[in-house]
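Visitor: One letter stands for each residue in the lines below.
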Amino acid sequence: MSGLEIKDLKVGYKRNQVIHGLNLHVNHGERVALLGANGAGKSTVLKTISGLLTPTEGSITWKDDEIHGNNPASLVEKGVVQVPEGRRIFPGLNVEENLRVANYGKSPDLLEVGLETAYKKFPILEERRKQPAGLLSGGQQQMLSLSRAIVAQPKLLLIDEMSLGLAPLLVKDFYEQLEDLFSNDVTLLIVEQNAGLALKYCSRFYVLRNGDLVLEGDAADYKDDPTSLQSAYLGVDTK
Amino acid sequence: MSETTNKRQSALERAGIPQPSFLKKNHYIGLVGIVLMYLLAGTFSSYSQTINMTIIYAIIGASLIVVFGLAGQLTLGHTIFVACGVFLSANITTAWGRGLETELPIAFAVAFVLGMIVGFPSLRVNELYLALATFAVAFVGVQILFEWKEFTGGGSGKGIGDLEFFGREFSRGPTLVRIGLVILLFSFWVVGNIQDGRTGRSMNALRTSETAARAAGIPVAWLKILCFGIGGGLAGWAGVLYIHTLRYGIPENFGVNLSIIVVLALIIGGKHRLMGAVLGAVFVRWLPEILRSVQEYEGVIYGGVLVILTLWSPDGLVGMFERLGGHIKRLAIDPLLSKNGEKAVSEQTNVVSPLSSNHLESFSSDQLRGALQIKNASVAFGGVKAVDDVSFEIPAGAVTGLIGSNGAGKTTLFNAVTGHVKGATGQFILDDQDLTGKPIHIRSLRGMGRTFQNLNLHDDLTVLEHALLGLDRNIKYNRVSESFRLPWVIREEKKAHFVAAEILEHMDLLEYWNDKVEDLPYGLQKRVDVVRALATNPSILLLDEPAAGLPTAEALEMMKKVKEFAQYTSAGVLIIEHNVELVADVSERVIVLDTGAILADGSPEEVMKDEQVIAAYLGT
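From first to last, the protein sequence lines are chains H and X.
Going by my numbering, the letters in the first sequence line up with residues 1 to 239, in that order.
Going by my numbering, the letters in the second sequence line up with residues 1 to 620, in that order.
DEER-style ranges, computed between Cβ atoms:
1) H:177 with X:557: 32 to 38 Å
2) H:110 with X:210: 40 to 46 Å
3) H:132 with X:18: 43 to 49 Å
4) H:132 with X:588: 33 to 39 Å
5) H:77 with X:515: 33 to 39 Å
6) X:508 with H:132: 35 to 41 Å
In short, the hints are calculated from the structure, not lab data.
The beta-carbon is built from N, C-alpha and C at its ideal position, and this holds for glycine as well.
Could you build the full structure based on these sequences and the hints that come with them?
Guide: Now the structure itself:
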């Protein structure tokens with residue numbers, strides 16, 4: 001079965017085009033990293049897939065279904081879920097309410113399973129489940145963000161800045177357990193600043209620079225020397 | 001580099017940032033308009049009263065710009081200040097027999113003080129409740145005026161005496177229009193200068209993030225009150241003109257209705273521009289005249305315009321015209337000019353690091369220099385001790401790393417140091433001065449600078465304005481000179497722009513100086529946050545995950561610049577960061593926090609090898 005397919009995607013903000021014709025695909029069940037320096041357009045790509053932005057040209061298909069231009073809510077129903085950058089949680093709701101909202105419109109049985117998985121992964125959240133999420137520390141808010149994704153039961157999961165503000169121990173742990181956390185047929189597209197980690201746990205990667213695709217390849221080829229990606233990031237030859 | 005190249009181009013010139021000057025383009029347009037009207041006042045003498053009412057509404061609009069547009073405080077009791085001017089004028093001219101030379105200063109002073117008093121609730125309540133509170137003020141105010149018969153004449157109102165100025169009597173009509181224009185010019189001049197000066201900048205910042213504005217050292221409470229005072233005073237002048245125009249004032253005319261109309265007029269016109277006050281005044285005063293034949297639909301038309309504007313042009317008619325102008329310029333004018341419109345890329349030669357020249361030294365201040373001692377700091381939330389009896393010293397001129405697992409209390413410790421959390425105990429001593437218990441902006445002014453984990457930037461402001469905001473404490477002119485844009489105001493502004501550009505250049509943000517921060521990618525926004533903190537020239541700089549979301553190479557580059565800056569100004573830096581590689585690279589010493597207490601403290605090498613740290617934080 002086909003997964004996510006992006007063809008000749010052009011998108012931007014106001015009159016400012018950010019992505020100038022991107023081709024990218026993620027097979028069903030595959031884990032792919034989207035890398036690049038700041039302002040390269042990574043978040044823009046994720047936001048476009050999840051329906052927060054509408055492309056000016058090109059197409060996005062998910063399981064042979066054209067999804068560009070759909071509204072974010074209907075995409076969530078189709079299983080396309082984004083973990084946004086920078087801990088977008090509902091500070092006024094308590095921790096558990098934040099998680100329950102993530103399951104909005106889905107089956108209650110799955111919700112309980114999701115909650116259990118999330119709490120097992122991040123026990124601190126269970127401890128503080130009745131507290132307003134705004135009182136969590138920054139890193140705990142990121143845990144909550146990721147837990148919301150677990151509860152949402154995604155088919156295609158888009159994670160923007162997965163390791164942002166998480167202690168190294170936790171980041172490693174989280175990557176290692178991706179398989180347990182999400183059932184095997186989840187397709188993952190991850191934006192990650194820590195190229196080393198991303199390469200270790202993803203099968204393929206794409207590097208964006210100024211909105212253009214400059215490099216794609218198998219993670220295995222670069223795993224041992226992630227710094228060699230540097231030149232692709234920055235557009236200069238480094239020794 | 002040859003020795004002759006010491007005439008270096010400043011960053012300001014390289015980036016093409018316009019220098020602050022005495023008059024701007026809009027000033028000339030306004031001035032020409034007012035002079036024209038002054039000269040033509042006699043020709044349109046049959047319209048004198050309507051013209052005067054328009055002028056009065058424009059002055060009220062300008063006064064509201066200060067309170068509503070700048071300070072963001074929605075007030076529904078504004079006409080109480082107008083009433084203040086009206087009845088003071090009535091009494092001064094009749095009972096004392098004095099003229100405008102007495103009416104104007106007294107009306108301003110009394111309405112100014114009254115404005116500050118009415119503004120007090122704004123320190124405690126948010127926008128909606130403030131609107132209700134001021135609504136109540138308008139309501140009660142009118143009742144008081146109504147009952148206070150010897151001052152206002154009660155229900156029958158009070159008439160005005162002669163129009164005099166230092167004993168010279170004037171006829172009303174065109175002369176009154178001319179007097180009105182002079183007062184209008186003066187009010188606009190003052191409001192425009194406040195908007196362009198440090199007060200305007202601070203208020204714009206305060207509207208989008210009060211927390212961050214305080215952290216930049218802006219005296220938020222005082223500025224809000226001051227805005228209410230200035231707004232009140234100018235509305236008082238409008239009152240003086242009002243009673244001279246209508247020759248009669250009745251308390252009930254200055255109730256809630258009029259207050260709502262003047263706010264609506266400003267919203268329709270555009271609440272961030274003086275031109276908005278004019279357009280709003282013209283709209284509410286002239287539309288009824290024009291629509292006299294279809295009077296019964298007046299309300300419908302008002303309502304319709306308001307709905308349309310709030311939906312499509314929240315910044316009012318001014319915003320609409322500005323956008324229209326922008327389109328015309330882009331479609332029709334730019335193509336014509338495009339041949340020679342290409343900007344020459346300035347040469348990057350002769351660039352000396354801003355830090356090697358002594359620009360920052362000219363910005364000496366009374367900030368303290370020296371180490372920060374944290375003694376027995378504790379913070380408890382409910383029963384949980386987030387920070388538990390932590391003591392250490394942050395030395396000047398060095399970088400100290402603060403790491404620890406999520407929820408270890410790192411940010412809470414920052415908040416305790418800068419005053420952003422209530423109920424912190426312990427002592428915070430900067431260079432032997434005890435800052436414990438001081439308000440946020442005072443700690444900032446004494447030299448505590450910080451950034452925020454979740455980016456507390458000011459969405460409306462440009463990158464340059466963020467730097468200027470940090471520099472505010474070093475801009476040495478007071479609010480009165482600001483109102484009249486005296487020569488040293490421009491001199492100080494030029495100096496501040498100059499230094500701001502240098503700092504932006506140092507942090508590689510110069511090319512984005514005119515971008516609004518909301519349009520920048522995340523990584524650059526993080527840098528803007530750092531720039532705002534650096535511009536305060538802090539003695540102690542607290543960086544809360546400045547590199548989160550940045551690739552390591554970019555983060556290292558940024559921290560290198562921060563370190564250079566810190567060493568130049570001998571500031572001490574405390575950095576919270578999860579990028580261990582970065583922390584090890586930049587820090588002389590690393591402190592590890594776990595469940596609110598210090599777990600390890602030492603050189604990066606020692607700490608990274610510590611078994612407890614590996615188990616609790618790093619992992620194997």
